[in-house]
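S.K.: This is what each chain is made of:
There are 4 protein chains.
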Amino acid sequence: MLKVGVIGCGGMGKDHIKRLTDKIQGAEVTAVSDVFEEGAKAAAAICQAKVYHNSQELILDPEVDAVVITSPGFAHAESILEAIKAGKPVFSEKPLATTADDCLRIVKAELESGKHLVQVGFMRRYDKGYNQVKEALDSGEYGAPLMLHCTHRNREVGTNYTTPMAVHDTAIHEIDVLHWLIDDEYESAQVIMPGCTKYSHSKLKDPQIMLLRTKKGICIDVEVFVNCKFGYDINCEVVCEDGVVKMPAPAYPVIRRNAALSTTIDTDCFVRFRDSYDTEIQNWVENAKKGVVTGPTAWDGYLAAVTADALVKAQETGNVELIKTDMEKPEFYQ
Amino acid sequence: MLKVGVIGCGGMGKDHIKRLTDKIQGAEVTAVSDVFEEGAKAAAAICQAKVYHNSQELILDPEVDAVVITSPGFAHAESILEAIKAGKPVFSEKPLATTADDCLRIVKAELESGKHLVQVGFMRRYDKGYNQVKEALDSGEYGAPLMLHCTHRNREVGTNYTTPMAVHDTAIHEIDVLHWLIDDEYESAQVIMPGCTKYSHSKLKDPQIMLLRTKKGICIDVEVFVNCKFGYDINCEVVCEDGVVKMPAPAYPVIRRNAALSTTIDTDCFVRFRDSYDTEIQNWVENAKKGVVTGPTAWDGYLAAVTADALVKAQETGNVELIKTDMEKPEFYQ
Amino acid sequence: MLKVGVIGCGGMGKDHIKRLTDKIQGAEVTAVSDVFEEGAKAAAAICQAKVYHNSQELILDPEVDAVVITSPGFAHAESILEAIKAGKPVFSEKPLATTADDCLRIVKAELESGKHLVQVGFMRRYDKGYNQVKEALDSGEYGAPLMLHCTHRNREVGTNYTTPMAVHDTAIHEIDVLHWLIDDEYESAQVIMPGCTKYSHSKLKDPQIMLLRTKKGICIDVEVFVNCKFGYDINCEVVCEDGVVKMPAPAYPVIRRNAALSTTIDTDCFVRFRDSYDTEIQNWVENAKKGVVTGPTAWDGYLAAVTADALVKAQETGNVELIKTDMEKPEFYQ
Amino acid sequence: MLKVGVIGCGGMGKDHIKRLTDKIQGAEVTAVSDVFEEGAKAAAAICQAKVYHNSQELILDPEVDAVVITSPGFAHAESILEAIKAGKPVFSEKPLATTADDCLRIVKAELESGKHLVQVGFMRRYDKGYNQVKEALDSGEYGAPLMLHCTHRNREVGTNYTTPMAVHDTAIHEIDVLHWLIDDEYESAQVIMPGCTKYSHSKLKDPQIMLLRTKKGICIDVEVFVNCKFGYDINCEVVCEDGVVKMPAPAYPVIRRNAALSTTIDTDCFVRFRDSYDTEIQNWVENAKKGVVTGPTAWDGYLAAVTADALVKAQETGNVELIKTDMEKPEFYQ
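Chains as they are written, first to last, in our numbering: chain A, 91 to 424; chain B, 91 to 424; chain C, 91 to 424; chain D, 91 to 424.
Hints are not guaranteed to be accurate.
Unchecked claim - Derived lysine to any residue pairs resembling SDA-like cross-links, with alpha carbons at most 20 Å apart: (1) Lys178/D to Leu150/D; (2) Lys108/D to Thr369/B; (3) Lys295/C to Ala234/B.
Calculated directly from the structure, the hints in this document are not laboratory data.
The following block holds chain A by itself, in its conformation from the complex:
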């Protein structure tokens, strides 16, 4: 039984606590912490756990084998570095940290520790559809991938959602999952801005088309459209030398009514990727016990940050921007 401490008891924190308590095999939540006492207590009540108000104390509690971090992004780096110091496996919700520099500090700390400890919460890698596509690509049957056509469409966003958030909060998922899917790294980024939908506001250019080129020359286009109104619609088509592989939409009944044949499109990302979250955490629990990381690593978190920075710059300049890490990918992460 893996004893898990959860840092950050907001919505996502409570979600993971419920998941670990009700659905996941081989784990139990033994401690929670939050700077807000009320939140921490409410979360602790779900799982009968100890309550901390200081994340460091939670990390050092001997009744905590491994740590889940669901605090606000700016607080991630400190907790993760503590956990590495304590030699405890740590699952950090995305982002790994809010700056590429902080991500790099985490990478270096993990490298120095010599132990595989950090996993980032890019749950799409556990989605059945992406895995079916990956399996097809890895089979070699379709030859080398050449292009990816993707969409990340969201029903609507609030007025606090601004242009750069289309990268940091939305495309960030594609940034991680796509390079994993095709086993490649990014080289450059460009962003194209079509005319704006009437449903957006002055601080948000919506939609956007983000273009990424990988080191092998694969060209990716991601339509990011966060006020598309009709649903949460994630698509991914991989054009290969010997065929095209498209991720399926989730299966829903086929309805005949009102002169139309129709199926449901999801409207909520937590519904769309519900199973992915469960699989992700179950997988992390099993790996934490073995001391391995098979999900997105600290390096992947760093790559995502560097790529996001280039995309945000490309949003501003309209140019093709290079994507460059400050160090080569270490052997440790191969």
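Following the hints, complete the assembly by docking chains B, C and D onto the known chain A.
M.R.: Just chains B, C and D now, with coordinates in the frame of chain A:
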């Protein structure tokens, strides 16, 4: 240029007159007839044709090479027999005649004439979808057909539509097209009556499931549901020894809206089979010039009548009813 | 933690032992039994459980809270009756028992015990697709169901598979899941025998079309085709007064290759319903702790046996056979 | 009966001659011309037409009411200018002329003539799918278009097909049809070059992604992949403010076989757009009689040339290139 005389100037008559005038190559309408003077005149105005009030006179007019019959069903037999006597090609809208006996008289008259003159207006044989399925079956790639699952769904019918009309006006299309599709003849019929939809009335059992067995042992089920509300929905799936072939629905754009992915289902049989009517008549015109019939023959019209009679009997008895013709299929119609 | 004893250590038994050990939360296998010592030992090794050679002893072991029965069908009744006597929850793989009479004895024993103890392993009730359809039907949006069109297609069967097995081993799944889906009971059965596929043998009529009518007048057709060659293909379309609801096929990538657009059809029922087995057992474990049964009951097992008997009779007679239980559905099972 | 003269008796010329003779209503081919005597004679034999070896003489023949030009591209301008001079309607296969300058000369000549005489053979405007999408867009139900995602995939090309031909011979169809579809004009072009497929050769970068921006700010991406191997695959998805509209693929039977559900993808552009060619010519014939042009005009031909030039430049520079015409769109072409 085939000079065509059209007998019967109601809706269907005018439709065919417009078709022959505007769309069909190699034909012109030179004469029309109707017992109602007004109707005949209105129809004649479309195509600058001579007006008759007597179908026999029209048939004998030397400026009429071939005849299209769109008069009410009870009047078909007489006109067709006249046309055969005159040795002129004749296209009769369905039904060939209102009784199996009258159909048989027509068959015998055509046989005696020794010329292939009569075609019945079962337009589905010219539908692209059915032809694609037939091509697949005829390719031999899928082995022998074993079962057909079909639906004939219609939005709604009036209160004058009664239980036997589900056979005579609706399933009659499947009766003709299905035995052509699988190149087989019917042996027996059964009708199953599910509970009635709330949208029907006391004179109409709706829906019905009609079961046909062919001489080769192929089993066909046709769901006939004429108040299905949602559209005009024709399906045909052929289960073979080496695979299943399903007729495609007509192609319409795929729409994402309101949390649904949808395509249009037709609501009108004349839209669904519009192209079939054009192809049917173009084909008949070309064949009439050559003196051949490649579409549904008088024999097919007779078969349809015999099969329909068995189905209506099966509606009443609930039993399996044999489908028997009064003569073997003559060599002439092979 | 529910302590589970597993009776019968063949393939299905080992499957459930692995499931309970690796995937299910809140349960552990504490004892196994099999008449074959080797099998029992091998199974026990998976889960570090006690080994019995006598199912009664296992049932009475105080370290066994609940029992899973995966022994051959003929041995089910005895074990289930023992479990009822011991007041322990029991999950029996299908069939509940091999005769309707034995099923009825179990029903009566459970009734007398006054406790809800028995669940039958009809796992399709836990399939996502069927549940999506049920949710749609239960929403009332589509009005009353009138007809169900279903297929149960299987790649191929061995020469030991005979005509009645198309009911007992194959259609049995539809028998249970369909009446649950539409919340109705069966009234009569008929079986239609199309010409046989070349891939069958003299003891097996394949395919068959099984027709069931419910007390509310809903008409069901199930195509059972166990040598269809192309895959394991389960379909279920419900035609309602206000629309048609069709169960989706499992989602697989959409491939463009070789002049075709294609998706995978499953070939193995354990792949098709893998998630259903997991959900079924997880659900049973949780209910066993609470002392309730929300899955298929002993009554459902009895109904399935009575319905199967009528279908086998109908296979032989070609007639419509009544489906009659020896008692009314007791209040206890409502 | 429109008397048509056909200039150029190669494959496309013979195709149109057969079409005009066998399928089109209200036209007949009265004269053909080709610099190769053999070709002209063979073509004339199809339709019993007069033979010319000089296109000017054909145009001036009083037995020629209208002209179809299917000669090599470089010869178009001269014939079209002759036809304009003679005041005869002229249908020119694409391209209108091989340079933007020549196209502009034709535009100016037509303007001076004051008569609508020239139509260019962009047949996709007559495709049912594109028209269904246009109808949806024009209905206003989906709000303003924001982005178009398109593919133009072709099985394979010969070694004589070079990088610029991806524009001139392939994307040229999208260039015309897309601005018509969204009723807008192009502003700039960019071309992205992914890594090359192993099936290409040194003179051809394949695939390419062509990006077009319109004056209203609509962003278009067209994947041009001419050695995709699997088929001729034309896709067009229009993302609007209130929904997404995707052109349907042509309807083919749905097949279950070999553990897959599949439908055919076309492999030949003449099969994919067969009906479009027929509709295009029928429509042109009817318009020629009335003295109007409702299809692609000389101005559209000029726009296509200017856009193609910008795309070819963008292929070379890798930059965003402006698309500028030498004159404003004249009132005459509104």
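S.K.: With reference to the structure, classify each hint as holding or not holding.
M.R.: Right, here's what the structure says about each hint:
Taking the CA atoms of lysine 178/D and leucine 150/D, the gap is near 9 Å; set against the 20 Å cutoff, the hint holds. Between the alpha carbons of lysine 108/D and threonine 369/B the distance comes to roughly 18 Å, so the proposed pair stays at or under 20 Å and holds. For the proposed pair lysine 295/C and alanine 234/B, the alpha carbon gap of about 16 Å is at most 20 Å, so the pair holds.
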